[in-house]
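Given the sequences, and given the hints that come with them, work out the whole structure.
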Amino acid sequence: MKHLRRLTVDQLVDRFADIGVAQDKATLADDIALFNRLFAQMEAVEAELKARGGDQRRALLRLFHHPNMQVRLTAAKATLAVAPDAARRMLREIADSGWGPQAGDAGMSLWNLEQGIFKPT
Amino acid sequence: MAWMHPAAIEERRRRFTRADAHRYLKPDPERWLSPEELCLEYPELYERKYGRASSRPDMASASIPRDDEPLRRELVAALRTYKAELNLLKLEFALRQKANFNPLQPRHPKNTPLGGRWSGGGVGLPLGPPPTIPKERPPTTREKNIVVKEVARWLARAIRASAPIKAFLIAYEAASWLDIDRPLVEAYYDPPRTMEELRERALTRRIGYDVHHIVEKDSAKEDGFLLTRIESGQNRALIPKLKHWEITGWYMKHNKDYGGLSPREFLRGKSWEQRFEVGRHAMILHGVLIP
Chain A
1 MKHLRRLTVD QLVDRFADIG VAQDKATLAD DIALFNRLFA QMEAVEAELK
51 ARGGDQRRAL LRLFHHPNMQ VRLTAAKATL AVAPDAARRM LREIADSGWG
101 PQAGDAGMSL WNLEQGIFKP T
Chain B
122 MAWMHPAAIE ERRRRFTRAD AHRYLKPDPE RWLSPEELCL EYPELYERKY
172 GRASSRPDMA SASIPRDDEP LRRELVAALR TYKAELNLLK LEFALRQKAN
222 FNPLQPRHPK NTPLGGRWSG GGVGLPLGPP PTIPKERPPT TREKNIVVKE
272 VARWLARAIR ASAPIKAFLI AYEAASWLDI DRPLVEAYYD PPRTMEELRE
322 RALTRRIGYD VHHIVEKDSA KEDGFLLTRI ESGQNRALIP KLKHWEITGW
372 YMKHNKDYGG LSPREFLRGK SWEQRFEVGR HAMILHGVLI P
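Those protein sequences? They're chains A and B, same order as listed. Numbered according to this note's numbering, the first sequence spans residues 1 to 121. Numbered according to this note's numbering, the second sequence spans residues 122 to 412.
FYI, nobody ran anything at the bench for these hints, they're computed from the structure.
Below 27 Å or equal to it, Euclidean Cα-Cα: the simulated DSSO-like pairs (lysine-lysine) are:
| no. | chain 1 | residue 1 | chain 2 | residue 2 |
| --- | --- | --- | --- | --- |
| 1 | B | K211 | B | K256 |
| 2 | B | K374 | A | K25 |
| 3 | A | K119 | B | K377 |
| 4 | A | K50 | B | K377 |
Pasting the structure below:
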């Protein structure tokens, strides 16, 4: 996406977090169509970070302390390829927290990783 | 008769009681008032039934001169407040018990930033303020459901974090429009059950719960699986409605785990066994099924 190329890494991380917050609201409202549109936008931000020199997805690690659980969850999934230990730890913590519905999603991601269904790249 | 929340009963009583209801009360209050209320409201009847109030140590303080009307009213009000508080405590206790509250779980030491809070298993996420419960029912079902989900989830987190919830419970109890959805909120705290239990419970309908198909019904039908298999007792489990919504939402949302497809799309064309395994794990990890 052209407009993403003009953003700095920090701005891209902020954009990623904003999309995560919007996803959380869409989930609460059961607006799956909106969630899926936001998912595509988030994938584009992640792809842009990956394309930057040295794979800048590592910058998403700062979102592990974000006050929104959906943002933490998506940041953990997006950093599995670049910081697997920290990302798995984050997923485990979310899964153990019982913080619905993200806890279920994080638990399923860990299971999918074990099963080889989810192969982070 | 189906179980009703005490607050719901109280609200119905208030709504359907005539303004001059006192004229229609049964004339034998000594039979239907509690001893405490009888002592305050009708001391003569109390004496006739239980003897002099002052002769019973627990009722000594309730012996009020009949002519001191303001004091009597104050005491009746205090008694009712006390009863309401007791009901709140009972509700709080029930919720904490359901949510697997364990008072023996280790806590962070005193005089530390997290002093007194549970240690282990937390992600250090601030609980945040409780959701606002509107006085009137939100105009649309979708808006109403947002409030119901926020209430259930915030309460679950607060109980887990051992945060005080009394003030929130007062607002929760006072919102009579929530009466119809209270079973949904309270079912959300159900502990996980075994597969056998969930299957057996699916044989009867319960308010606040949904029958969940472990292998998703519609996509299995579209992929040509027999209805007898889809609707068999092996594939049906009764789970809390709000958890059912969470699992269904997870099936429908695009997900990195499945290369950007939704789990539902990913499972198209897969075998019954693969679908069942994913469905079973989704139930475990959403907290409804014991592994």
